[in-house]
Amino acid sequence: MNGDFEKIERRAALRRRVVRVLTYAMLTVWAVMVLFPFYWMLLSSIKSYSSYNSEYVPKFIAEAPTLQNYVEAFKAVPLARYFTNTLIFTVVTTGIMLVVTVLAAFAFARLDFKGKNVVFAIFLSLMMIPNELVIITNFQTITNLGMRNTYTGLILPSVTSVFYIYLLKENFEQIPDELYKAAKVDGTSDLKYLLKVMVPICRPTIITVVILKVIECWNSYVWPRLITDEQAYFLVSNGIQEIRENGFGRENIPAMMAAVVVISVPLIVLFLVFRKKIMAGVSRGGTKG
Amino acid sequence: MKKNLKAWLYLLPALLFLGFFMVYPLVDVLVYSFEEGYNSASQTFFGVGLYNYSYVLHDPYFLQAVKNTFILVVITVPVSTGFALLISLGLNSIKKLRELYQTIYFLPYVTNTLAVGLVFMILFKKTPYTDGMVNLLINVFGGKSVDFIDGPYWAKMFVLCFYTVWVVLPFKILILTSALASVKQDYYSAAKVDGTPKWRVFTRITLPMISPMIFYLVITGFIGAFKAYSDAVALFGTNLNVAGMNTIVGYIYDMLYGDSGGYPSYASAAALILFSIVFTITCINLLISKKQVHY
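From first to last, the protein sequence lines stand for chains A and B. For the first sequence, the numbering used here assigns the number 1 to the initial residue and increments by one for each residue that follows. For the second sequence, the numbering used here assigns the number 1001 to the initial residue and increments by one for each residue that follows.
Hint data in this document are derived by calculation from the structure and do not stem from the laboratory. Quick reminder that beta carbons are idealized off the backbone N, C-alpha and C, glycines included. There's no promise every hint is true.
[Said to hold, decoys possible] Which bits of chain A does chain B cover? Going by a derived footprint, with three or more residues having C-beta under 8 Å, they are: (1) 20-34; (2) 75-87; (3) 234-240.
[To be verified] Derived pair list, reagent style BS3-like, types lysine-lysine, alpha-carbon separation capped at 30 Å: (4) B:Lys1096 - A:Lys7; (5) B:Lys1006 - A:Lys196; (6) A:Lys169 - B:Lys1067; (7) A:Lys7 - A:Lys169; (8) B:Lys1291 - B:Lys1227; (9) A:Lys184 - B:Lys1002; (10) B:Lys1126 - A:Lys114; (11) A:Lys184 - A:Lys169; (12) A:Lys192 - B:Lys1290; (13) A:Lys181 - B:Lys1006; (14) A:Lys116 - A:Lys75; (15) A:Lys75 - B:Lys1126; (16) A:Lys276 - A:Lys196; (17) A:Lys114 - A:Lys59; (18) B:Lys1003 - A:Lys59; (19) A:Lys196 - B:Lys1144; (20) A:Lys181 - B:Lys1067; (21) B:Lys1192 - B:Lys1067; (22) A:Lys192 - A:Lys181; (23) B:Lys1184 - A:Lys276; (24) B:Lys1192 - B:Lys1095; (25) B:Lys1095 - A:Lys277; (26) B:Lys1126 - B:Lys1144; (27) A:Lys184 - A:Lys116; (28) B:Lys1184 - B:Lys1290; (29) B:Lys1003 - A:Lys114; (30) A:Lys7 - B:Lys1198; (31) B:Lys1227 - A:Lys7; (32) A:Lys116 - A:Lys181; (33) B:Lys1184 - A:Lys277; (34) B:Lys1096 - B:Lys1192; (35) B:Lys1006 - A:Lys184; (36) A:Lys169 - A:Lys114; (37) B:Lys1002 - A:Lys114; (38) A:Lys169 - B:Lys1227; (39) A:Lys7 - A:Lys114.
Next up, chain A with everything else stripped away, as it sits in the complex (with noise of 0.2 Å):
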């Protein structure tokens, strides 16, 4: 009896191990997946364009690392414009779509106006409309306007978001009205309650919008290309695309690997140091794929 009873303890010990090993098993071979191109990247970066080359067989560490590449990759392709204007890009298109959202945000949360319901009505129902949809007009008009190539042609169509507005206005409706009358009677503009009041109180979520916009406008490819064929306005998507089919001559995989790396470092770098607040933000209001 008693031994019955230790030989199915045992027994089920083991199978909670084998269960234990083949879960850990699995994420480390997802693991190595995830991180394997990030690491080929970087090891084909500092690997000389002739050892790369005369690699048939791939070798897992370069043995004589150089910075060369780097220094080709900025050289052969205007890479630091690529990046300005990424930065440019990122950081206006961040900034006007923040004032945007946050004005209309507090209209329909705060301000009692005629048809408001509606319009919100309307507001969530364009949350529908894909980009698709709307961005072959945008393209007219921006040829048309004469704003190809320009930084404003780039800009403006990015700037509307619906999704942040309908965000941001749930989190100002959060605030007890209380807060609001008592501001009212010390005479307190509604600007100033906005912007001394309620956006502090609503930071994270702002903050969390402005990740997220950050990570899209950084990754944004199609438009940019649409609207730019001037390298002096590529963002840096379409500069890696335009490496890749033409860049570097002689199929410089080395250096196309060492401008990769450059590209992706900054968010990479960002996404380290605010690693717990953007995974909540993106867990809250992202979307991909």
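Starting from the known structure of chain A, arrange chain B on it as the hints suggest.
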């Protein structure tokens, strides 16, 4: 009255932007799609009708794009959702190294799709200098080298699906791990007291509790996969028609711009066809989820 005015003033920037770049284009895209023989340069057209739709629906490039997109959707949505669920369950059952794994898994979300796609291309590509990492791995297991980037259709489709899953998984894992973590421990404790077998706990407690999130992921997954484009560009270059790997969204942009561009009418018709496909499928999904999901 004064109050009204002020509110509208706060709304004004948003209304201007949305009106100009969303509402007007929405009307305009419909108009475009019915204007026959529209000429971009002179902005003239000679008739109104359904010709654009029939042109697009008979265009072999469009049909190829539809086929590619459907294969991509049918493979990647179930695979990525299922695999994300498996990984999240794994993550939920361990304590050690959990944060490390979570951080690693999230990395693809913050990387530039185009840039990392280039790395995937190099890993899968077969060139005169080297067969590429993946092929060498296949050789180790006794298989033959395949050119995944310029080779047979199934190989190209495999890379595209693999890369798509790689890109969309972070979001799904994140959503599912937080959904799993929010299931009340009481239920599990109760099940333990009753001695419920593990599989039954999973199908009767865990799955129903996280089903809203699974359906959310399936719905957004369908929408996202139907709009696939930049992943394909990253792997096969901008000339997707030649590679035979175009997607519906890619077809729209090719009609609009580039070497084959200048046909906003065809692009509009294709965009509206895409929208109706996505809309129908989303409605079906919502109907199914109403019946199945436990709230």
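Cross-check of the supplied hints:
For the segment 20-34 of chain A, the stated coverage by chain B holds: 9 residues have a C-beta nearer than 8 Å to a C-beta of that chain, and at least 3 were required. For the segment 75-87 of chain A, the assignment as covered by chain B is violated, since 0 residues bring a beta-carbon within under 8 Å of that chain's beta-carbons and 3 are needed. Evaluation of the coverage hint for the segment 234-240 of chain A: fulfilled, as 3 residues show C-beta separations to chain B shorter than 8 Å, against a requirement of three. Between the alpha carbons of B:Lys1096 and A:Lys7 the distance comes to roughly 28 Å, so the proposed pair stays at or under 30 Å and holds.
A threshold of 30 Å between alpha carbons decides the hint, and for B:Lys1006 with A:Lys196 the separation of about 19 Å falls inside it, so the pair holds. About 41 Å separates the Cα atoms of A:Lys169 and B:Lys1067, which puts this hinted pair outside 30 Å; it is violated. Among the hinted pairs, A:Lys7 with A:Lys169 is inconsistent with the structure: their alpha-carbon atoms are about 61 Å apart, more than 30 Å. Taken as a hint, the B:Lys1291 and B:Lys1227 pair is honoured in the structure, with Cα atoms around 27 Å apart against an allowance of 30 Å.
For the hint linking A:Lys184 to B:Lys1002, the alpha-carbon distance of about 16 Å falls within 30 Å, and the restraint holds. For a cut-off of 30 Å, the pair hint linking B:Lys1126 to A:Lys114 is broken: about 64 Å separates their Cα positions. For a cut-off of 30 Å, the pair hint linking A:Lys184 to A:Lys169 stands: about 20 Å separates their Cα positions. Between A:Lys192 and B:Lys1290 the CA atoms are separated by roughly 45 Å; this puts the pair beyond 30 Å, and the hint is violated.
Between A:Lys181 and B:Lys1006 the CA atoms are separated by roughly 17 Å; this keeps the pair inside 30 Å, and the hint holds. At most 30 Å may separate the alpha-carbon atoms for a hinted pair to count; A:Lys116 and A:Lys75 exceed this at roughly 55 Å. About 28 Å separates the Cα atoms of A:Lys75 and B:Lys1126, which keeps this hinted pair within 30 Å; it holds. With a C-alpha separation of about 26 Å, the suggested pair A:Lys276 and A:Lys196 falls inside the 30 Å cut-off, and the hint holds.
For the hint linking A:Lys114 to A:Lys59, the alpha-carbon distance of about 69 Å lies beyond 30 Å, and the restraint is violated. For the hint linking B:Lys1003 to A:Lys59, the alpha-carbon distance of about 71 Å lies beyond 30 Å, and the restraint is violated. Restraint check for A:Lys196 and B:Lys1144: the C-alpha separation of about 67 Å exceeds 30 Å, so the hint is violated. The hinted pair formed by A:Lys181 and B:Lys1067 fails the criterion: a straight-line CA distance of about 59 Å is larger than 30 Å.
With a CA separation close to 48 Å, the supplied pair B:Lys1192 and B:Lys1067 exceeds the 30 Å bound. The suggested pairing of A:Lys192 with A:Lys181 holds, with an alpha-carbon distance near 13 Å, which does not exceed 30 Å. Note on B:Lys1184 and A:Lys276: the hinted pairing holds, with a Cα-Cα distance of about 23 Å set against a maximum of 30 Å. Between B:Lys1192 and B:Lys1095, the direct Cα distance comes to roughly 20 Å. Compliance with the 30 Å bound is thereby established for this hinted pair.
As the CA atoms of B:Lys1095 and A:Lys277 are separated by approximately 21 Å, the hinted pair is consistent with the 30 Å bound. The hinted pair formed by B:Lys1126 and B:Lys1144 meets the criterion: a straight-line CA distance of about 12 Å does not exceed 30 Å. Between the alpha carbons of A:Lys184 and A:Lys116 the distance comes to roughly 21 Å, so the proposed pair stays at or under 30 Å and holds. Note on B:Lys1184 and B:Lys1290: the hinted pairing holds, with a Cα-Cα distance of about 23 Å set against a maximum of 30 Å.
This hinted pair checks out: B:Lys1003 and A:Lys114 have alpha carbons roughly 10 Å apart, not beyond 30 Å. Taking the CA atoms of A:Lys7 and B:Lys1198, the gap is near 20 Å; set against the 30 Å cutoff, the hint holds. Restraint check for B:Lys1227 and A:Lys7: the C-alpha separation of about 56 Å exceeds 30 Å, so the hint is violated. For the given pair, A:Lys116 sits about 20 Å from A:Lys181 by alpha-carbon distance, which is consistent with the 30 Å threshold.
With a C-alpha separation of about 24 Å, the suggested pairing of B:Lys1184 with A:Lys277 holds against the 30 Å cut-off. Between B:Lys1096 and B:Lys1192 the alpha-carbon distance is near 23 Å, which keeps this suggested pair within the 30 Å criterion. Distance check on the hinted pair: B:Lys1006 and A:Lys184 sit about 15 Å apart at the alpha-carbon level, within 30 Å; holds. Pair hint A:Lys169 plus A:Lys114 holds up; C-alpha atoms about 18 Å apart against a cutoff of 30 Å.
Proximity of B:Lys1002 to A:Lys114 is assessed by CA-CA distance (about 12 Å); at most 30 Å being required, the pair is judged to hold. Note on A:Lys169 and B:Lys1227: the hinted pairing holds, with a Cα-Cα distance of about 28 Å set against a maximum of 30 Å. For the hint pairing A:Lys7 with A:Lys114, the CA-to-CA distance comes to about 76 Å; that exceeds 30 Å, so the pair is violated.
Of the numbered hints stated above, those contradicted by the structure are hints 2, 6, 7, 10, 12, 14, 17, 18, 19, 20, 21, 31, 39, listed in ascending order.
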